[in-house]
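Given the sequences, and given the hints that come with them, work out the whole structure.
2 protein chains.
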Amino acid sequence: MKFGGSSVADADKIRAAAARALAHRKAGRQVVMVVSAMGDTTDHLIDLARQISADPPKREMDQLLATGEQVTISLMAMALEAMGQRAISFTAGQIGMITDDVHTKARIHSIDVRRIHQQLDAGKIVIVAGFQGVTADGDLTTLGRGGSNVTLVAVAAALKAAECENYTDVDGIYTADPRIVPNARKIDRISYEEMLELASLGANVLHNRAVEFAKKYNVPIHVRSSLNTNKGTLIVAETESMERIVVSGAALKEKLFRVSLRKVPDRPGVAARIFHQLATGNIVVDDIIQTIDSDGTASVSFTVDTGDVTDTRRVVEGLCRKLSCQAVYQENLAKVSVVGVGMRVHTGVAERMFAALAQAGINIQNITTSEIKISCLIDRAQGREALRVVHDAFELGAKPSDRKAPAPARKTPRRQ
Amino acid sequence: MKFGGSSVADADKIRAAAARALAHRKAGRQVVMVVSAMGDTTDHLIDLARQISADPPKREMDQLLATGEQVTISLMAMALEAMGQRAISFTAGQIGMITDDVHTKARIHSIDVRRIHQQLDAGKIVIVAGFQGVTADGDLTTLGRGGSNVTLVAVAAALKAAECENYTDVDGIYTADPRIVPNARKIDRISYEEMLELASLGANVLHNRAVEFAKKYNVPIHVRSSLNTNKGTLIVAETESMERIVVSGAALKEKLFRVSLRKVPDRPGVAARIFHQLATGNIVVDDIIQTIDSDGTASVSFTVDTGDVTDTRRVVEGLCRKLSCQAVYQENLAKVSVVGVGMRVHTGVAERMFAALAQAGINIQNITTSEIKISCLIDRAQGREALRVVHDAFELGAKPSDRKAPAPARKTPRRQ
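Residue numbers (the working numbering), protein chains in the order written: chain A, 1 to 416; chain B, 1 to 416.
Incorrect hints may have been included.
Note that the list lumps identical chains together, so a pair holds whenever it fits in one copy or between two copies.
To be verified - Mimicking DSS-like on lysine-lysine, the simulated pairs with C-alpha atoms at most 27 Å apart in a straight line are:
{"hint": "1", "residue 1": "Lys13", "residue 2": "Lys58"}
{"hint": "2", "residue 1": "Lys160", "residue 2": "Lys105"}
{"hint": "3", "residue 1": "Lys263", "residue 2": "Lys231"}
{"hint": "4", "residue 1": "Lys26", "residue 2": "Lys58"}
{"hint": "5", "residue 1": "Lys399", "residue 2": "Lys160"}
{"hint": "6", "residue 1": "Lys399", "residue 2": "Lys231"}
{"hint": "7", "residue 1": "Lys231", "residue 2": "Lys13"}
{"hint": "8", "residue 1": "Lys13", "residue 2": "Lys399"}
{"hint": "9", "residue 1": "Lys215", "residue 2": "Lys231"}
{"hint": "10", "residue 1": "Lys216", "residue 2": "Lys231"}
{"hint": "11", "residue 1": "Lys404", "residue 2": "Lys13"}
{"hint": "12", "residue 1": "Lys186", "residue 2": "Lys255"}
{"hint": "13", "residue 1": "Lys160", "residue 2": "Lys231"}
{"hint": "14", "residue 1": "Lys186", "residue 2": "Lys215"}
{"hint": "15", "residue 1": "Lys399", "residue 2": "Lys26"}
No lab work stands behind these hints, which were simulated from the structure alone. Predicted model, so just to flag it, every value in this text is computed and none were measured.
Laid out in structure tokens, this is it:
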């Protein structure tokens, strides 16, 4: 069971989370909880760091941020003990949650579950600090945005858990962000693949690394609200019936920053060099477009999250000096996308999306697609409007069974 | 260099502490900093725990409290890096600061200084989290009140440091607490033995375990203010000249709680059993008095810090059932004491103290002495008055050289 920051924001919420865990325990199950930092603790810590340094060393940032979850785990153990349930809290170091040493964005290598099993077998509820890990040298790391969900799935996979519940402040995964799209609907079941696309496209509920982990180890995740006992959304392996739904959800990524490199020498290996440098700087690159200009040089564009602007500019400026190219930055972009495994077997999805955007007067700056998604890069100011337009175009606010019949299936055989 | 909570209470104070460390580093010294939790962080964390549980498990309390120092170490490293000085922070676990598993009052067993030396030799300033340790199993422990000073001395001893500076919000050790005794004077030099007595008698500046450690490894501690560059108080091994001063300081312990066990069977082993049980409960017992009553049973009294009341009552009630004795509790007591290695060679010290208290109408409930201190247990309401009276009786507000000549030396030879 994982409880996010808003679900453990104060003493009462911690007690409520503890009570949910206790109910499972009393039903005879062994329970491991993964918890995030309380409420806005992480933001408060980041603010403290900024008061000290504009560009704090990442190792020290991790050392600082890891305290947030450590506070919650100990308080959660206290809450359970106060209810008469034996409990024990563990930091990442205490259960050998070993990661690489890429501070602020570390990846989990291994978990030593012996100590967890020991304590579960002794009848205790075990509480694990989300978001954090340790390097083989014992330095603290953090797993990046949504890292507690990664911890949840990694622990569930390592323990071969029967169930994996992700408690949050929303009722589940929606067809679009309900804060932007008022008639968005909760999705009952969604495949890992769709969730992966939605997560990487800006749906904030689950981090894509968490879903990748879940898919790899086939851990079904139940995303549900900590405020009620409603069923939420089950994220599971794809089933055939899922393909009947053309589009499962729409997503908006609002904080995109585009870098265009112009006058790039058009010779083999240059693109590789550019993206190698960016990867070395641990910058996650979104869409990439390369074109050849009339003067025979290449233009290479890519988008990154605005959070990576500082790192990106540093890398790009180094590249421009070495390659004698010019960089142009465009900050105010957004990306609207639709996702659905049904796209594999239905036609006309792209046309329907482009037509809806055009009718709303929204200009598409570029298009990227995968087997199960279509994305359009647009002006940030029109992002929210675009999400509502696309959501309506596919009738995502209606029950899947009430939506208009999809276009006829392709003649080509379905891929297996 | 150790900086207490008030010396790292906000970003500016952290920068000021960093600047002091940097000055040492620039003078060519290797510097290790030990830091406490910022300002009232620890109180805030304790308050959080109390919102969750009236009696939280001590292991979880340690897991919680250790976060306070972890925040400070990372911010201090950031502050130094922002000044262009390479720095690295270490939690107790990261430098193998192994303790026993007596949570909330752990004792240090060993420190693995290799990682510290490595980083110092690489030119970095090393910042160590005070107050905390880890068990051999990796569970976090804390070292009890004043634990960061214990960390300071333990690290200094392990590194065979040339100097050991304890920065705090006062100018040094005073002849009495200046908040209670307005004419209290700063002491220039004091012996470990005197400091030990003063610390265990209620002088809050340094914890007695820190001084014991310093004495054992002969680490001179310079207690000084983080707000100015004045010389503070040097705590050093005793020298002969120190004996010229009859009394070095006076102290008041205000929060004492006395337990009197009545009708205790007067047979061998009973007292041992009582204090074994208290020790097992990790209760620090202050003065002990045993008397035989007219009915042939014994009365055993002892004082404890009021912080240990809950634990003490639990142990005492168990004992009363087993030994069929009765417990009487008296809460409102204080202890006023004078300390000085000069007592060994001067007479009339006790008489002077008792006369001064009698003249002020302060009743002495009982007296305990050691070779270099005299203590009187009195009513708590008269505690502060008693401290002022005793401080004046020994002219502690005047320079040692201006005080009245001490009574003639004893005829007996001085002990070596």
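- Message: Are any of the numbered hints broken by this structure? If so, which, sorted upward?
- Response: Of the numbered hints, 3, 5, 8, 11, 15 do not hold.
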